[in-house]
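Participant: Going by full-length UniProt numbering, the final residue of the first sequence carries number 705, and the count climbs one at a time with no gaps.
Keep in mind the hints are simulated off the structure, nothing from the lab.
Among the hints, erroneous ones may be present.
Keeping only pairs whose Cα atoms sit at most 27 Å apart, straight-line, the calculated DSSO-like set for lysine-lysine is [what the hints assert, rightly or not]:
hint	residue 1	residue 2
1	K562	K539
2	K175	K194
3	K310	K231
4	K218	K310
5	K231	K525
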Amino acid sequence: MPSPSPPPPPVLPISEHEDVIVAAVDANPVVVVIGETGSGKSTQLSQILHRRGYTRRGAIAVTQPRRVAAVSVSRRVAQELGVPLGDEVGYAIRFEDRTSERTCIKYLTDGVLLRESLSNPELRQYSVIILDEAHERSLNTDILLGLMKRLIKDRASDLKVLITSATLDGLKVSKFFSGCPVLNIPGTLFPVEKFYSTERPTNYIESSLRTAIDIHAKEPPGDVLIFMTGKDDIDKMVSKLEERIQNLEEGSCIDALVLPLHGSLPPELQVRVFAPAPPNCRRFIVATNVAETSLTVDGVVFVIDCGYVKQRQYNPSSGMYSLDVVQISRVQADQRAGRAGRTRPGKCYRLYPISIYQNEFLEATVPEIQRSSLAGSVLYLKSLNLPDINILKFDFLDPPSRESLEDALRQLYLIDAIDENGEITDVGRVMAELPLEPSLSRTLIEANELGCLSQALTVASILSAEITLRSASKDMDGKRKRQELPDGSGWGDHIQLLQIFESWDQSGYDPRWCSDHDLQVRSMKLSKDVRNQLCQIIKKIAKGSTDVHARKSRKSDPDYRKLRRALCVGYGNQLAERMLHHNGYHTVGYRSQLVQVHPSSVLEGDEYGKFPMYVIYHELICTTRPYMRNICAVEQAWVEPILKKLEKLDVNKLSGGSSAPKDSELLVENKQVNSLKKDMDVKQSEVDSKIQAARERYLARKGKK
DNA sequence: GAGCACTGC
């Protein structure tokens, strides 16, 4: 029978330190709390401060980097306090606010707290702000850290900030907050014994395979968690491991079950790892980084760590992203090892020598703020109107490079979010209100002026949900063939995405329509939610309908000229010009790059197979080559104003410095581009034949029609 | 003709 009273709060290590914690918080505006997994910091700190009266003059906010964590931790705390969720204890995440006027302990994602501070920069509703899991150093957490440093000065006596983390370098954070106290709370993790390889394996799949089989043959029951870098490696590993296990002598080992685990796995397959292992069976979970922090798999006693991770990085000098396999950090390695010690003492097999761990691994992972494009964050900070703020001197725990900040300023200037002196514009203020990348928010504003808002809302939503289209041609043979998707009418990928969403809308948002077209229902639903949220925000200034099928749009503008024009303004910082003689492009801007149209693009060439002279792109991604991904054709006349702005661009003025000589580097860069262009023209014959082939395909298509 | 680690407003 279920007991009517809530379960008693568990005795966690943190409870024994209650007096110390409260004394430290009473006496200091900022306190750092280092607590390992199982210390109870996420659930107990807020309750302790609530008990001690800190909620009398404001609520306690606890930020989490992930939505699921905000929901599950708040649910736990409500349960422990014996109150319904949404009353005294609640949570707020995007699309969902379960708080009320009575809420005094509020769990929220750090992104939501940043949004709140946009309309209420002093965050007066809170008496305490706890930044949890700060060691993960998400972009948003880092910005909050900088803002908190300013806030405690402004709100001197009455705001309390706690920075809590599992492994954060406490001394560094303490220095950042002018020597605030650091409290260490032990966790409840069991010891994990670590084993190192004598050298780096040449093939770490083979090496982890051997280790896994070894564990299976010699070690007592307990699940094995294997960290790999990506889906391909995981799939290989899973099939090889199954094969080897089958080849083992019958009766020599207990049963085994091999399960893959990564983010792109459909949810129904992901949840398999949460089901308990069948009796007398060892599970092998082959996973990416999801298993490092986001998902916790119960029953793991052995960890195999290849020592690598796939990381997305942004290069501010080229504006290009790349996805690289890099060495993990010591913090990451320890986090992975810790996954073996949750239920009993465990073992971690590291496929690298201890010398590499000690001498080659970085202490901590490079924080996201040093690996991302900062246009959105810089715009956000500018919109807060902080007094005497110089973005280049903003006090970050780990400042991004000057180059990266200047890159952000240049981008913002080109899309009118800041003026030539670096001051935020009226357009920029509206942009900052929208939960979108700057290019997309600028597109919305322009679309509103041009009368194609409803289309732009759709494009922005679907792009921010990162819908991926799988190519249709491959799965011809055999099973269910995917139904044809719209083709963007030749104008490019943005238009195709718009058409896709409109078709889905016409199907009455039927999930089957998504699966018939090989689209993930999950991400399509997300884009619908995003669209609704954007409509809510923009309705104050909307000049036309925001309905998906605003009546006249298609008929009066069959070539999507208005929308493409809005996109051209929005993506003024992501513009490319085609080479004179072939289908390569060079980006237009501070530093010109040679790039190509991504093969997945639906952009069409003209009757000679030539692509349009100008296109805008959503993203530059360097894989085997530098590619533009998600492209839309624009017209030369629309590009002129951007080229004019580029001429005037002076980054010294943008960054608030005194006037200095103009970017002389730009001229040098342009010369380099010209010489590269020549270099590419040498291979003209090669290119010509490709153009010829494209032309033939084009004519063949025309013939069919 | 390519290939996608993970989050979040």
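Participant: Could you run down the list of hints and mark each one as holding or not?
Facilitator: Against the structure, the hints come out as follows:
Under the criterion of a C-alpha separation no larger than 27 Å, the hint pairing K562 with K539 is consistent with the structure, at around 20 Å. For the given pair, K175 sits about 32 Å from K194 by alpha-carbon distance, which is inconsistent with the 27 Å threshold. Distance check on the hinted pair: K310 and K231 sit about 11 Å apart at the alpha-carbon level, within 27 Å; holds. Between the alpha carbons of K218 and K310 the distance comes to roughly 31 Å, so the proposed pair goes past 27 Å and is violated.
With a CA separation close to 24 Å, the supplied pair K231 and K525 stays within the 27 Å bound.
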